Amino acid sequence: MSPGRSPESARSRRAPRRHPRIPRVRSILLVLLGFILSGVVGALSFFWPTITAAVGATGHSIQVTAPTVLPGSPTATPAAATGSSAPFTVLLLGSDNDGKFTTAGSTSGFCCTQSMILVRVDPTAGTVTMLSIPRDLWVTLYSASGKQLTAGKVSQAFGPAGGGTSGIDAEIATVEQDFQVQVDHYVWIGLQGLINLIDEVGGIDIVASHPVMDDNYPYDVAGSTNPNAADRVAVLPGAQHMGGLEALEYVRSRHDDLSEDIGRNVRQQQVLVALRQKLSQLSLGDINNLASALSGEVLTDVPLTQFSLLLGISKDIESGSIQHVYIAPPLYTDDPNGPGGQDISVPDMSAIRALVHRYFPAT
Amino acid sequence: MSRSRRLLTWLVLLVLMAAFGAGVNRYLASGDATAFAPATQRPTHTNVKLPLPGTVYFADDGGLFAMTGTHITQLQAEGRGWTQPVLLPGVGLLAIKVTANYYSDLYELDPNGRVEAQLSHDSGKVTATALGADDWIYYPAVGPGNTLYFAYDWPKGGLDDPNNGLQVDLSIWETTLGNQITRTNVQNSSGITQQSWANYYTGGDISPVPLLGGGLIYVDYEAATDNSEVSTPVPGAGPGDEVSQIRTDPTPNPNGKGDGTPLTQPGDDCAQPALNAAQTEIAMVCTPVVNGAPSSTESDLVVASFDAATGTLGPLDRIVTGTMAASPTWSTDGTDLLYEAPEAGDGYLELWYVKDAATTPVAQPKQVTTDLDLDGSPPVWTP
Chain R
1 MSPGRSPESA RSRRAPRRHP RIPRVRSILL VLLGFILSGV VGALSFFWPT ITAAVGATGH
61 SIQVTAPTVL PGSPTATPAA ATGSSAPFTV LLLGSDNDGK FTTAGSTSGF CCTQSMILVR
121 VDPTAGTVTM LSIPRDLWVT LYSASGKQLT AGKVSQAFGP AGGGTSGIDA EIATVEQDFQ
181 VQVDHYVWIG LQGLINLIDE VGGIDIVASH PVMDDNYPYD VAGSTNPNAA DRVAVLPGAQ
241 HMGGLEALEY VRSRHDDLSE DIGRNVRQQQ VLVALRQKLS QLSLGDINNL ASALSGEVLT
301 DVPLTQFSLL LGISKDIESG SIQHVYIAPP LYTDDPNGPG GQDISVPDMS AIRALVHRYF
361 PAT
Chain D
1 MSRSRRLLTW LVLLVLMAAF GAGVNRYLAS GDATAFAPAT QRPTHTNVKL PLPGTVYFAD
61 DGGLFAMTGT HITQLQAEGR GWTQPVLLPG VGLLAIKVTA NYYSDLYELD PNGRVEAQLS
121 HDSGKVTATA LGADDWIYYP AVGPGNTLYF AYDWPKGGLD DPNNGLQVDL SIWETTLGNQ
181 ITRTNVQNSS GITQQSWANY YTGGDISPVP LLGGGLIYVD YEAATDNSEV STPVPGAGPG
241 DEVSQIRTDP TPNPNGKGDG TPLTQPGDDC AQPALNAAQT EIAMVCTPVV NGAPSSTESD
301 LVVASFDAAT GTLGPLDRIV TGTMAASPTW STDGTDLLYE APEAGDGYLE LWYVKDAATT
361 PVAQPKQVTT DLDLDGSPPV WTP
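For the protein sequence lines, the chains are R and D, in the order given.
Note that my numbering numbers the first sequence so that position 66 is 66, with each residue one more than the last.
Note that my numbering numbers the second sequence so that position 283 is 283, with each residue one more than the last.
Because the hints were derived from the structure by calculation, they are not lab data.
Check the hints yourself; a few may be wrong.
[Said to hold, decoys possible] In the DSS-like style, the derived pairs of lysine-lysine whose C-alpha atoms are separated by at most 30 Å in a straight line are:
{"#": "1", "chain 1": "D", "residue 1": "49", "chain 2": "D", "residue 2": "355"}
{"#": "2", "chain 1": "D", "residue 1": "125", "chain 2": "D", "residue 2": "156"}
{"#": "3", "chain 1": "D", "residue 1": "366", "chain 2": "D", "residue 2": "49"}
{"#": "4", "chain 1": "D", "residue 1": "366", "chain 2": "D", "residue 2": "355"}
{"#": "5", "chain 1": "D", "residue 1": "366", "chain 2": "R", "residue 2": "278"}
{"#": "6", "chain 1": "D", "residue 1": "156", "chain 2": "R", "residue 2": "278"}
[Said to hold, decoys possible] Chain D side only, calculated, beta carbon under 10 Å to chain R, not exhaustive:
{"#": "7", "residue": "54"}
{"#": "8", "residue": "129"}
{"#": "9", "residue": "356"}
Here the structure is a predicted model, which is why all the values come from computation and not from measurement.
The beta carbon of each residue, even a glycine, is placed where N, CA and C say it ideally should be.
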């Protein structure tokens with residue numbers, strides 16, 4: 001204390017010095033908060049397309065009830081949570097989504113699912129099983145609410161239900177009831193969505209198993225207004241880096257195939273394996289572009305929060321741990337003169353269910 | 001601190017906050033996986049890591065290119081459908097030009113890539129109702145005496161169902177270089193003769209390789225479960241599975257079953273054969289079995305000795321494994337190999353080189369090019 005100054009006067013000078021400390025702390029906190037908010041806004045603006053796409057595409061709930069258990073079938077349990085290590089089953093669906101048959105007399109404008117693959121993932125064992133369902137299999141169809149309808153091709157439940165999530169629900173109900181299997185989740189992708197997805201990941205690397213030739217390939221992803229327009233396809237065999245359009249041609253062509261749809265099913269599973277290999281390299285920065293590319297072309301009931309887990313599982317599973325299963329003769333016989341002159345596959349359902357239950361046991 | 005100075009401080013802080021937000025945004029955007037990179041460089045701007053002797057011709061993204069040392073020259077621009085260049089000794093090249101989703105034709109080019117002649121003429125009927133009138137021509141190969149072999153998608157609709165335009169398989173045909181290849185000439189066997197008859201609904205027969213003493217070897221696609229097509233049963237094969245088998249001396253057989261003498265086993269699923277100049281060694285790609293099942297994402301580079309007189313192969317030596325090998329080509333002296341495979345972490349096919357490929361132990365492959373997008377058709381390696 002300086003000589004000649006009273007303690008009161010000294011206190012009165014010191015007191016104002018204390019007051020700025022509180023605003024300074026507040027200021028620092030404010031600045032920090034400002035930086036945090038700014039960072040959050042920056043991140044949100046980056047992920048905005050992902051968020052909007054996710055709101056539209058994910059989290060749709062499955063509307064159908066659990067399958068009616070037939071005598072001799074394993075008891076199905078409620079859907080397994082993908083968040084646990086319990087095995088779960090996903091139905092992968094690929095189909096037209098452009099309503100191209102509206103002008104051809106269809107009431108719904110949607111045709112059918114071109115591809116149906118049932119996938120069982122066992123995170124603990126690190127295994128994946130893929131089972132392709134032939135699209136011409138003649139089964140009992142079910143509505144989106146699980147109501148039994150008439151018989152038809154397994155792929156034809158989608159259209160009458162109006163496509164979209166209702167069509168997917170109808171396909172899930174049909175698969176669950178006919179095959180006596182519990183579907184925990186689904187992922188549906190449109191034709192353009194598959195092209196976009198493969199292009200967005202920079203193409204896939206695949207060894208094409210044989211020349212895929214087709215003089216009657218559907219010409220419907222390039223803006224054609226004629227639903228019956230055709231194109232020619234020639235995908236040559238051997239190692240190649242395929243873009244989206246070429247990969248779609250490879251998996252979709254079926255007219256010059258051995259055993260009708262089976263060859264196509266084999267190629268579809270090949271492309272899935274190649275795609276899984278590519279997606280295992282996915283990084284945070286890619287998600288946004290991917291979401292933009294898939295906007296409106298993908299529907300799934302898998303919540304956004306579960307995707308990172310699924311990607312993690314995908315990375316952990318070795319290619320050799322993927323089991324490929326096909327429904328093929330003698331599990332069905334082809335009938336080119338089915339109802340309405342349709343080319344159908346008449347199934348031996350008890351044998352098919354036995355196969356399905358061997359690879360897709362109740363969990 | 002004065003009021004104005006305080007205001008200035010807050011202003012600076014606000015700018016910094018905004019910059020931080022923008023930085024976070026850009027940082028996230030920069031996190032794209034390099035594996036997803038869509039763009040390769042234009043071939044003329046790529047870096048050649050390993051200069052090779054002679055000139056290498058190759059097809060990249062629908063264009064034709066020539067690589068001499070570290071310099072790459074464009075012969076035909078990208079995006080024009082050019083593929084499958086082959087050497088036409090003393091003249092230049094033959095190459096296929098694809099009009100996407102409709103048809104392809106065969107052209108003769110000089111060494112600088114200028115078109116000298118069009119050797120095949122598609123009908124060009126590209127309307128939806130007449131697509132069956134169009135044809136694919138692929139895999140040209142020139143043999144002794146200017147013999148030209150090629151794969152052509154005729155006859156369509158096999159004998160089992162001749163009116164079924166859905167059956168489109170490639171068979172191998174032969175003509176003399178210079179003859180005009182048209183559907184009519186093929187159909188009427190007018191100077192063009194059928195050399196193989198495809199197995200129905202398999203995609204057919206491809207990759208003819210002429211033999212110096214006459215005849216050819218080729219690749220036959222077969223239903224793996226059809227014992228009348230494969231020469232020996234394929235263990236574990238299921239419906240829908242196809243295999244390729246390298247065969248020699250096909251005999252046109254309208255039954256479309258198992259023609260030619262097998263050189264490889266169907267279970268090895270070998271294709272893309274290339275003979276060295278002396279025709280004593282064969283390089284090819286074969287499918288490996290990974291964890292008990294044929295791989296769809298790997299193909300091995302395989303070398304074997306070849307005896308044209310007896311039509312037999314020696315033991316298969318898988319010299320490059322664990323990758324996606326394609327389209328081997330021998331050096332002129334028949335010792336070194338050039339083939340295509342992806343760069344690590346990037347699926348685009350690049351050129352790779354193996355020195356003394358037929359001598360064990362085989363040297364490690366060396367990457368020749370970067371940032372190419374080869375289409376899987378074999379490169380041409382000239383002195």
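Against the structure, the hints come out as follows:
With a C-alpha separation of about 15 Å, the suggested pair residue 49(D) and residue 355(D) falls inside the 30 Å cut-off, and the hint holds. At roughly 16 Å between alpha-carbon atoms, residue 125(D) and residue 156(D) fall within 30 Å of each other, so this suggested pair holds. Annotation: proposed proximity of residue 366(D) to residue 49(D) holds, straight-line Cα distance about 9 Å (limit 30 Å). Taken as a hint, the residue 366(D) and residue 355(D) pair is honoured in the structure, with Cα atoms around 9 Å apart against an allowance of 30 Å.
A hinted pair counts as satisfied when its Cα atoms are at most 30 Å apart, and residue 366(D) with residue 278(R) qualifies at roughly 24 Å. The straight-line distance between the Cα atoms of residue 156(D) and residue 278(R) is roughly 37 Å, outside the 30 Å bound, and the hint therefore fails. Checking residue 54(D) against chain R: minimum C-beta separation of about 24 Å lies over 10 Å; hint violated. Proximity of residue 129(D) to chain R holds as hinted, the smallest CB-CB distance being about 8 Å (cut-off 10 Å).
Evaluation of the residue 356(D) hint against chain R yields a violated restraint, the C-beta minimum of about 23 Å exceeding 10 Å.
Hint check: violations occur at hints 6, 7 and 9; the rest are consistent with the structure.
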